[in-house]
Each structure stands twice: as C-alpha cells, then as structure tokens.
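So the sequences go chain by chain: W and R. Each position in the first sequence, counted from 1, maps to that position plus 67 in our numbering. Each position in the second sequence, counted from 1, maps to that position plus 67 in our numbering.
Hints were generated in silico from the structure; no laboratory data involved. Values in this document were obtained by computation on a predicted structure and should not be read as measured data. C-beta atoms are modelled at their ideal positions from N, C-alpha and C, and glycine is treated no differently. Hints may contain errors.
What the hints assert, rightly or not - Taking lysine-lysine and the DSSO-like style, the derived pairs with C-alpha atoms no more than 27 Å apart in a straight line are:
1. R:K77 - W:K144
2. W:K77 - R:K226
3. R:K265 - W:K144
4. R:K99 - W:K215
5. R:K77 - W:K215
6. W:K115 - W:K226
7. W:K226 - R:K215
As the list claims (entries may be wrong) - Derived Cβ-Cβ restraints for the label pairs, each shown as a range:
8. W:P288 - R:E262: 47 to 55 Å
9. R:E262 - W:S137: 48 to 56 Å
10. R:D97 - W:P210: 50 to 58 Å
11. R:E262 - W:L292: 40 to 48 Å
12. R:Q227 - W:P288: 39 to 47 Å
13. W:E290 - R:E211: 50 to 58 Å
14. R:E218 - W:I100: 41 to 49 Å
15. R:P154 - W:K250: 45 to 53 Å
16. W:N108 - R:Q192: 22 to 30 Å
17. R:V153 - W:K122: 14 to 22 Å
18. R:E262 - W:V153: 40 to 48 Å
Number of protein chains: 2
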Amino acid sequence: MITAADNYKKAILILSGGMDSATLLYHLLDLKIHPICVSFNYGQRHKKELVCAEKLAEVNKLHWELIDLSQLRHLLKGSSQTDDSVPVPVGQYDAENMKLTVVPNRNMIMLSIAMGIAIANDITQVFYGAHAGDHTIYPDCRPEFIEKLNEVAYICYWKQVQVVAPFSLMTKGEICTQGIEMKVPYELTWTCYTESEKPCGICGSCNERISAFEFAHAKDPLEYLGGVAHG
Amino acid sequence: MITAADNYKKAILILSGGMDSATLLYHLLDLKIHPICVSFNYGQRHKKELVCAEKLAEVNKLHWELIDLSQLRHLLKGSSQTDDSVPVPVGQYDAENMKLTVVPNRNMIMLSIAMGIAIANDITQVFYGAHAGDHTIYPDCRPEFIEKLNEVAYICYWKQVQVVAPFSLMTKGEICTQGIEMKVPYELTWTCYTESEKPCGICGSCNERISAFEFAHAKDPLEYLGGVAHG
C-alpha cells in the first residue's frame with residue numbers, strides 16, 4: 068500500500084533492474100527525488116533483473132511494487148524475452164535480429180499502469196529509462212513515442228500526468244559514464260537476456276553493456292560466463 | 068492460447084459484460100467479424116459483469132481471455148469501483164459525484180494490453196465500447212482521447228494497430244435502440260455498480276441503463292431489487 072507519506076516524493080520510476088533505470092534512479096536521488104519504484108514481471112526469461120530491482124529499492128529505502136503481468140506471457144508471444152520457442156539472439160545489439168527481443172507494446176502497458184498509479188496517488192511524474200541506443204530496435208523507446216504518449220497522458224484523466232525519459236537522447240555509453248560518476252552500484256543490475264547464473268557475454272544485450280563500460284573506461288563489476296571480466 | 072485459426076477474425080474486443088460492449092459485440096458479428104474477446108478483472112466490485120462477459124463469448128463460440136489485474140486494486144485507489152472506502156454514488160449518471168467511479172487510467176491500461184495482444188497475434192483492430200454519455204464523467208472515453216491514443220498506436224510497434232470506438236458519438240439510448248433491433252441478449256449483461264444479486268436500480272449506472280431502455284421503448288429483461296421492472 069502506498070501511503071500519504073510517500074506522496075511528497077512526487078515521482079514514479081519504472082525500475083527494470085537493468086543499467087539504464089538503475090542510473091536513472093541515482094540521477095533522481097541526486098535531484099532529491101525519492102521515487103516509488105515499480106517493476107513488472109511480464110514473463111521475461113531474465114527474472115534476475117527483478118531481484119536486482121528489489122535490491123536497488125531496498126538499499127535506497129524506497130517503496131517498491133512488483134506488478135505481476137506474467138499471465139500476458141503467452142498472449143504477447145513472438146519475443147525471445149517471453150516466448151521459449153524464440154531463441155535469444157546473439158551478436159550486435161543494433162542488428163536486425165535483435166527485433167526478436169521486442170515484446171509487443173510492453174512499454175505502453177507498463178507506462179499506462181504507472182500513470183494510473185501516479186494519478187491515484189497524486190503524483191505527477193512517471194520516469195523511465197529509454198535511451199537512444201534502443202531507438203532502432205524498440206519502437207516504444209523513440210522520442211516520438213514518448214511525445215505522443217504524453218499527449219495521451221495530458222487528457223487521460225481530469226488531473227495531468229507526465230512521462231519523463233531523461234536519457235532518451237543519450238547512448239548507453241553516456242549513461243554508464245554518468246552512472247560511474249554517481250557511483251551507481253552496477254553489481255546490483257542485470258542486463259543479460261538469458262537465464263544463466265552469470266551474464267552470457269554474447270547476447271545483444273550483454274554486448275551493449277560491455278560496449279557501454281568500454282565507452283566509460285570503467286570495469287564492469289559483473290563476472291561473465293567463462294570468467295571473462297570486461298571494461 | 069490464441070491459435071492461428073483465430074487470426075483471420077482480425078479483431079480484439081474489450082468485452083466488459085455491460086450493455087455497450089455487448090451491443091458492440093453483436094454489431095461486429097453483424098459485420099461478420101468474430102472478435103477475440105478480452106475482459107479485465109481490475110478489482111471492480113461488480114464482478115458479475117465478468118460472468119456476463121464469459122457467457123456472451125460462450126454463447127457466440129468466441130475465444131475469451133480474462134486478464135487478472137486485481138493486484139492493481141489497492142494501487143488504483145480512490146474509485147468507488149475498486150476502493151471499499153468509497154461508496155457507490157446514487158442518483159443521476161451525469162452528476163459530479165459520478166466522477167467517484169473513475170478508475171485512474173483504466174481504459175488506457177486495458178487498451179494497451181489489448182493492443183499488445185493484437186500486435187502479437189497479427190490483428191490490427193481493437194474495439195471498445197466508449198459512448199457519448201461517458202464523456203463528461205470518464206476522460207478516457209472522450210473522442211480526443213481515442214484520437215490521441217491512436218496516434219500512439221500508430222507508432223508503438225513496427226506494425227500498426229488501431230483502436231476503434233464506433234459508439235463514441237452515440238448515447239446509451241441510441242446504443243440500446245440499435246441493440247434491441249439486433250436482438251442483443253441484454254439478460255446476459257450487467258450494468259449495476261454494486262455487488263447485489265439483482266441490480267440496485269438507484270446507482271448512477273443503473274439509472275443510465277433504465278433511461279436507455281426507456282429511450283428505446285423496450286423492456287429491460289433484468290429484474291431490479293424490490294422486483295421493479297423497467298422499460
């Protein structure tokens with residue numbers, strides 16, 4: 068239950084447990100915004116990110132809500148993230164086959180629920196960590212999606228609510244650079260699209276994380292399968 | 068599981084179990100569209116509408132999905148539909164106190180999920196039964212909401228999907244008139260906002276239904292509390 072005591076914080080953060088939303092969390096904390104963190108189980112293979120999200124909220128003493136949409140797994144089929152018959156693509160993140168990882172309308176579903184929670188709790192801002200590297204793969208991370216979604220947010224209720232994506236024009240490398248400066252505990256984040264105990268290091272998502280740490284001239288605190296360290 | 072055999076029907080219908088979406092179902096059947104029906108448990112008091120939705124799908128041999136969002140009940144608080152501390156308002160449907168029945172962002176949440184299901188199943192149209200009488204009470208039934216939502220629908224994925232609300236400029240009386248002509252089995256619909264065994268006949272929603280049958284010069288097949296018949 069969200070209590071009135073949480074309201075003054077005036078923000079909802081969609082916290083996936085990945086690098087981008089974790090960095091966004093520390094960005095908000097820097098701005099003295101203590102968001103209510105909302106995570107979603109939409110049947111993704113990589114449930115480890117949810118464990119990370121919970122931990123990130125816990126270490127920062129933030130209210131955390133896990134919304135269970137796992138029932139949608141078989142209805143939003145066709146993505147490697149939710150459909151066991153679709154293998155996780157390996158290779159470069161910007162390759163055509165990475166489109167197999169798109170869960171149809173996932174962001175709009177998550178943002179709609181977060182907007183509803185915001186309105187019901189007198190909160191006006193919903194933050195999410197879409198970034199520029201996502202644009203070619205995830206249609207629902209593009210600035211034009213965020214802009215149009217905000218036009219709906221403006222009229223979906225008698226009170227207005229706003230969706231804010233401060234990283235939407237930044238690359239993952241730039242986000243990581245900012246996060247390293249803010250001492251984001253990246254050991255509490257999960258990026259790999261597989262279910263392995265350690266990140267695989269070869270899926271598109273791992274490749275993108277590895278490149279981001281290289282860009283930031285920083286060492287990734289996670290150890291990859293095969294004991295390889297990156298950064 | 069939605070199978071390929073369902074795809075040719077090329078429509079999703081948000082079927083609440085109320086009069087409007089039931090009439091929309093028969094309108095689609097008249098057009099030879101056999102929609103996949105999707106209903107939502109968002110923690111509403113009046114669960115009877117879901118029993119009606121299931122029955123309407125069953126008698127028409129349609130695929131029916133019930134999406135369980137009851138977890139959102141305590142997060143989307145403040146509406147009489149989901150919050151036990153807010154009494155169901157009685158009286159006229161267009162009165163200011165009917166705004167207590169608004170569940171924040173409910174339609175956008177339901178439509179986003181229905182859009183995701185449509186995209187994942189190669190379906191291009193999502194139908195819902197918003198009508199003109201709702202406009203002053205439910206911001207997410209207004210034509211401008213539907214228009215803006217469609218602008219998001221247009222870019223939320225690499226394939227396009229469309230939200231269609233054919234009754235958005237019709238009154239409930241006009242919808243009922245059309246439904247009576249199409250022989251919609253209104254005994255399989257539920258409108259009352261309370262949990263009573265029979266409709267209360269005094270809540271705003273019952274009042275609106277009673278007026279619609281009066282407008283259509285038809286008899287409501289439901290019997291109201293106290294044995295009163297209407298129409």
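**Q.** Given hint K215 of chain R paired with K226 of chain W - CA-CA distance at most 27 Å
**A.** With Cα atoms ~17 Å apart, K226 of chain W and K215 of chain R stay inside 27 Å; holds.
Q | Restraint check for K265 of chain R with K144 of chain W, where alpha carbons must lie at most 27 Å apart | A | violated, 40 Å
Q.
Tell me if the beta carbons of P154 of chain R and K250 of chain W are separated by a distance inside 45 to 53 Å.
A. holds, 50 Å
(Q) Holds or violated: the 40 to 48 Å window for the beta-carbon distance between E262 of chain R and L292 of chain W? (A) violated, 54 Å
**Q.** Assessment of proposed distance window 50 to 58 Å (beta carbons of D97 of chain R, P210 of chain W)
**A.** Roughly 42 Å apart at Cβ, these two residues miss the hinted range, so it is violated.
**Q.** Cβ separation of P288 of chain W and E262 of chain R, checked against the hinted range 47 to 55 Å
**A.** Holds - the Cβ-Cβ distance for P288 of chain W and E262 of chain R, about 53 Å, lies within 47 to 55 Å.
Q | Range agreement (Cβ of V153 of chain W with Cβ of E262 of chain R, hint 40 to 48 Å) | A | Once the Cβ atoms are compared, 43 Å apart, the range 40 to 48 Å for V153 of chain W and E262 of chain R holds.
Q.
Does the beta carbon distance between N108 of chain W and Q192 of chain R stay inside 22 to 30 Å, or does it fall outside?
A. holds, 29 Å
Q.
41 to 49 Å was suggested as the range; check whether the CB atoms of E218 of chain R and I100 of chain W agree with it.
A. violated, 29 Å
Q: May I ask you to test the hint 39 to 47 Å on the CB atoms belonging to Q227 of chain R and P288 of chain W?
A: At 42 Å between Cβs, range holds.
Q: Assess, step by step, whether the Cα of K77 of chain R is no farther than 27 Å from the Cα of K215 of chain W, and give holds or violated.
A: Roughly 25 Å between the alpha carbons, so the hint for K77 of chain R and K215 of chain W holds.
Q. Is the Cα-Cα distance between K115 of chain W and K226 of chain W 27 Å or less?
A. Violated, at roughly 36 Å.
In this structure, the earlier hints numbered 2, 3, 4, 6, 9, 10, 11, 14, 17 are contradicted, and the remaining ones agree with it.
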